[in-house]
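A.B. asks: Dock chain X against chain A, hints included.
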Amino acid sequence: MLLEIKNLNVYYGVIQALKDVSFHVDKGEVVALIGANGAGKTTTLHTISGLLKPKSGEIIYKGKNIVTISGNKIVSMGMAHVPEGRRVFADLSVAQNLKMGAYTRRNKKEIEDTMAMVYDRFPRLKERQTQKAGTLSGGEQQMLAMGRALMSHPDIILMDEPSMGLSPIFVNEIFDIIKSVHKDGTTVLLVEQNAKKALTIADRAYVLETGSITMEGKAADMLNNDSIRKAYLGE
Amino acid sequence: MLSFLTSLVNGLSLGSIYAIIALGYTMVYGIAKMLNFAHGDFIMVGSYVIFIFVSNLGLSPVIAIPVAVVLCLILGVTTERVAYRPLRNAASPLAVLITAIGVSYLLENVALLIFGADTKSFTSVIPWSGITLAGGEIRIQGVTIITIITSVVILLALQFFVHKTREGQAMLAVAQDRSAATLMGIDVNKTISLTFAIGSALAAIAGAFLCSAYPSLTPYTGAMPGIKAFVAAVLGGIGSIPGAMLGGLVLGVIEILARTYISTQLSDAIVFGILVVVLLVKPTGILGKIIQEKV
Numbered sequence: 001m002l003l004e005i006k007n008l009n010v011y012y013g014v015i016q017a018l019k020d021v022s023f024h025v026d027k028g029e030v031v032a033l034i035g036a037n038g039a040g041k042t043t044t045l046h047t048i049s050g051l052l053k054p055k056s057g058e059i060i061y062k063g064k065n066i067v068t069i070s071g072n073k074i075v076s077m078g079m080a081h082v083p084e085g086r087r088v089f090a091d092l093s094v095a096q097n098l099k100m101g102a103y104t105r106r107n108k109k110e111i112e113d114t115m116a117m118v119y120d121r122f123p124r125l126k127e128r129q130t131q132k133a134g135t136l137s138g139g140e141q142q143m144l145a146m147g148r149a150l151m152s153h154p155d156i157i158l159m160d161e162p163s164m165g166l167s168p169i170f171v172n173e174i175f176d177i178i179k180s181v182h183k184d185g186t187t188v189l190l191v192e193q194n195a196k197k198a199l200t201i202a203d204r205a206y207v208l209e210t211g212s213i214t215m216e217g218k219a220a221d222m223l224n225n226d227s228i229r230k231a232y233l234g235e
Numbered sequence: 001m002l003s004f005l006t007s008l009v010n011g012l013s014l015g016s017i018y019a020i021i022a023l024g025y026t027m028v029y030g031i032a033k034m035l036n037f038a039h040g041d042f043i044m045v046g047s048y049v050i051f052i053f054v055s056n057l058g059l060s061p062v063i064a065i066p067v068a069v070v071l072c073l074i075l076g077v078t079t080e081r082v083a084y085r086p087l088r089n090a091a092s093p094l095a096v097l098i099t100a101i102g103v104s105y106l107l108e109n110v111a112l113l114i115f116g117a118d119t120k121s122f123t124s125v126i127p128w129s130g131i132t133l134a135g136g137e138i139r140i141q142g143v144t145i146i147t148i149i150t151s152v153v154i155l156l157a158l159q160f161f162v163h164k165t166r167e168g169q170a171m172l173a174v175a176q177d178r179s180a181a182t183l184m185g186i187d188v189n190k191t192i193s194l195t196f197a198i199g200s201a202l203a204a205i206a207g208a209f210l211c212s213a214y215p216s217l218t219p220y221t222g223a224m225p226g227i228k229a230f231v232a233a234v235l236g237g238i239g240s241i242p243g244a245m246l247g248g249l250v251l252g253v254i255e256i257l258a259r260t261y262i263s264t265q266l267s268d269a270i271v272f273g274i275l276v277v278v279l280l281v282k283p284t285g286i287l288g289k290i291i292q293e294k295v
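Line by line, the protein sequences give chains A and X.
Heads up: the first sequence begins at 1 in the working numbering, then just goes up one per residue.
Heads up: the second sequence begins at 1 in the working numbering, then just goes up one per residue.
One thing to keep in mind: the hints can contain errors.
Claimed, not checked - Here are the computed lysine to aspartate or glutamate pairs in the DMTMM-like style, where the Cα-Cα straight-line distance is at most 20 Å:
(1) A:K27 <-> A:E4
(2) A:K73 <-> X:E167
(3) A:K109 <-> A:E84
(4) X:K164 <-> A:E29
(5) A:K179 <-> A:D26
(6) X:K164 <-> A:D203
(7) A:K99 <-> A:D120
(8) A:K27 <-> A:D203
(9) A:K126 <-> A:D203
(10) A:K108 <-> X:D177
(11) A:K53 <-> X:D177
(12) A:K64 <-> A:D176
(13) X:K33 <-> A:D91
(14) A:K53 <-> X:D187
(15) A:K179 <-> A:E209
(16) A:K183 <-> A:D26
(17) A:K183 <-> A:D113
(18) A:K62 <-> A:E29
(19) A:K99 <-> X:D268
(20) X:K33 <-> X:D177
(21) A:K73 <-> X:D118
(22) A:K126 <-> A:E110
(23) A:K27 <-> A:E58
(24) A:K99 <-> X:D187
(25) A:K230 <-> A:E216
(26) A:K196 <-> A:D221
(27) A:K183 <-> A:D91
(28) X:K164 <-> A:E110
(29) A:K99 <-> X:E137
(30) A:K73 <-> X:D177
(31) A:K196 <-> A:E84
(32) A:K126 <-> A:D91
(33) A:K64 <-> A:D113
(34) A:K132 <-> X:D177
Hints listed in this document are in silico derivations from the structure and should not be mistaken for laboratory results.
For reference, chain A alone in the conformation it holds in the complex:
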């Protein structure tokens, strides 16, 4: 198991955002976390990557409980997080943003190789490497945020709502990219409101409802599950 979440309880002040959340991600999987707005999906990812500290529970990553480790140190353990709303550095160029993604790495040659790989995967970013990130379109910013995460050469990548606010063409493109990132050996934990798309590319999925996991299973089974279809697939 690459990542195991055990009985996670997270609070914002007195409000409990996550209640006894447990799930796991195996190496090489794409695991989707689906659920409505406010279900706690983003909170879960923030807690895993150390931006939030849980009240109780364990996050076992590569056999180590990382709950007490600060967010910036978790990155160098091979975990990258593409945050909701992209959060690119608007005032920096595309190339500078990518370099920022490689902050934890020291070997210049390796960084350049990864950069070339990212540009291969996102030709559009290469075209715009000197442009300020703030001037990119939403879809391009999403690509930049993903490219930036890949720059740390992660073993697992957490993606928070990568399709949010994008045109259907971009949505398809972004999901194709997630598939290809996965194919190259990166484990993916995907949070999505677009449940249909997420379930299509995921191996397994968990449903999060008001802070608790209410259902889990193979993604393909969930696509055919009546209650899921009604609640999340709009059928």
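C.D. replies: For chain X alone, coordinates are given in the frame of chain A:
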């Protein structure tokens, strides 16, 4: 004409002092997102340290200045750690602002307690008397020249540091988005500490020049230059390093010219009047920019 040139050079010199202070102000604002109103008092602390070492202990400024720089650096980092960091995520951004004002009064009153209210006569750290030009018509003091040169060197060093080093890049990232910076593997706390270290060290250097040019030292010595440097930072575009430099120089020149040609009493009013005008006409300052963000 000659007196105008003299005033201009003096203005650039005073402006350079403002610039060095403003650089610290603007970096702390840009990266830690707070106005450290105690920044001016770090100047005073640095100046007293130099005063003790040079006037009381009879040591060379070559020793006194580095000691003052290190002590101010420690003071700045400690202040941030003890007084500002716990309030960083406070519900209101006013909490840390008011604390900064509190730190300012604390430093002034501790200085009052230790050194008393009487004015100390500061010995210039620049023994060089300067140069005379135009057949003795224009005299430029050594401290004037060294101040201007030092400020330019500091500006270039900071620009290099911010744009070319790993720590500088971390500062740029933290300035824009702390959470995203954390997700890049950047230690936000360390980066903010470093910013305070640099800003406070610069305050000590500014203190050495300020008190060499205007050699009367009291516990309130840093307050006014601190506020003027803040005006300079806003004038240049707060958060911008070249802006702080430009704002400092412009403000220094205006202040000296106003003192020479309009009125000594009114010069401060003119300086603060400029702040009001800038805020009305171009709130982002001369080099400040409005970033158009697409979401």
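A.B. asks: Would you mind marking each hint as holding or not holding in the structure?
C.D. replies: Hints, one by one, checked against the model:
A hinted pair counts as satisfied when its Cα atoms are at most 20 Å apart, and K27 (chain A) with E4 (chain A) qualifies at roughly 11 Å. At roughly 16 Å between alpha-carbon atoms, K73 (chain A) and E167 (chain X) fall within 20 Å of each other, so this suggested pair holds. The suggested pairing of K109 (chain A) with E84 (chain A) is violated, with an alpha-carbon distance near 30 Å, which exceeds 20 Å. For a cut-off of 20 Å, the pair hint linking K164 (chain X) to E29 (chain A) is broken: about 39 Å separates their Cα positions.
A distance of roughly 16 Å separates the Cα atoms of K179 (chain A) and D26 (chain A); the hinted pair therefore holds under the 20 Å criterion. At most 20 Å may separate the alpha-carbon atoms for a hinted pair to count; K164 (chain X) and D203 (chain A) exceed this at roughly 43 Å. Restraint check for K99 (chain A) and D120 (chain A): satisfied, since their Cα atoms lie roughly 16 Å apart, inside the 20 Å limit. Proximity of K27 (chain A) to D203 (chain A) is assessed by CA-CA distance (about 12 Å); at most 20 Å being required, the pair is judged to hold.
As the CA atoms of K126 (chain A) and D203 (chain A) are separated by approximately 31 Å, the hinted pair breaks the 20 Å bound. Of the pairs offered as hints, the one joining K108 (chain A) and D177 (chain X) is violated, with about 25 Å between alpha carbons and a cut-off of 20 Å exceeded. With a C-alpha separation of about 19 Å, the suggested pair K53 (chain A) and D177 (chain X) falls inside the 20 Å cut-off, and the hint holds. Straight-line distance between C-alpha atoms of K64 (chain A) and D176 (chain A) comes to about 32 Å, which puts the hinted pair past the 20 Å bound.
The suggested pairing of K33 (chain X) with D91 (chain A) holds, with an alpha-carbon distance near 16 Å, which does not exceed 20 Å. Restraint check for K53 (chain A) and D187 (chain X): satisfied, since their Cα atoms lie roughly 16 Å apart, inside the 20 Å limit. A hinted pair counts as satisfied when its Cα atoms are at most 20 Å apart, and K179 (chain A) with E209 (chain A) does not qualify at roughly 26 Å. Distance restraint check for K183 (chain A) and D26 (chain A): the Cα-Cα separation of roughly 15 Å lies within the 20 Å cut-off, and the hinted pair is therefore satisfied.
Proposed proximity of K183 (chain A) and D113 (chain A) is supported: the alpha carbons are some 19 Å apart, at most 20 Å. The hinted pair formed by K62 (chain A) and E29 (chain A) meets the criterion: a straight-line CA distance of about 15 Å does not exceed 20 Å. As the CA atoms of K99 (chain A) and D268 (chain X) are separated by approximately 45 Å, the hinted pair breaks the 20 Å bound. With a C-alpha separation of about 11 Å, the suggested pairing of K33 (chain X) with D177 (chain X) holds against the 20 Å cut-off.
About 51 Å separates the Cα atoms of K73 (chain A) and D118 (chain X), which puts this hinted pair outside 20 Å; it is violated. Between K126 (chain A) and E110 (chain A), the direct Cα distance comes to roughly 18 Å. Compliance with the 20 Å bound is thereby established for this hinted pair. For the given pair, K27 (chain A) sits about 18 Å from E58 (chain A) by alpha-carbon distance, which is consistent with the 20 Å threshold. Taking the CA atoms of K99 (chain A) and D187 (chain X), the gap is near 16 Å; set against the 20 Å cutoff, the hint holds.
At most 20 Å may separate the alpha-carbon atoms for a hinted pair to count; K230 (chain A) and E216 (chain A) meet this at roughly 16 Å. With a C-alpha separation of about 12 Å, the suggested pair K196 (chain A) and D221 (chain A) falls inside the 20 Å cut-off, and the hint holds. Between the alpha carbons of K183 (chain A) and D91 (chain A) the distance comes to roughly 32 Å, so the proposed pair goes past 20 Å and is violated. Distance restraint check for K164 (chain X) and E110 (chain A): the Cα-Cα separation of roughly 19 Å lies within the 20 Å cut-off, and the hinted pair is therefore satisfied.
Our distance criterion of 20 Å between C-alpha atoms is broken by K99 (chain A) and E137 (chain X), whose separation comes to about 55 Å. Taking the CA atoms of K73 (chain A) and D177 (chain X), the gap is near 17 Å; set against the 20 Å cutoff, the hint holds. Straight-line distance between C-alpha atoms of K196 (chain A) and E84 (chain A) comes to about 19 Å, which keeps the hinted pair within the 20 Å bound. With a C-alpha separation of about 17 Å, the suggested pair K126 (chain A) and D91 (chain A) falls inside the 20 Å cut-off, and the hint holds.
Taking the CA atoms of K64 (chain A) and D113 (chain A), the gap is about 30 Å. The hint is violated against a cut of 20 Å. A distance of roughly 15 Å separates the Cα atoms of K132 (chain A) and D177 (chain X); the hinted pair therefore holds under the 20 Å criterion.
Hints 3, 4, 6, 9, 10, 12, 15, 19, 21, 27, 29, 33, counting from the list given before, are not met by this structure.
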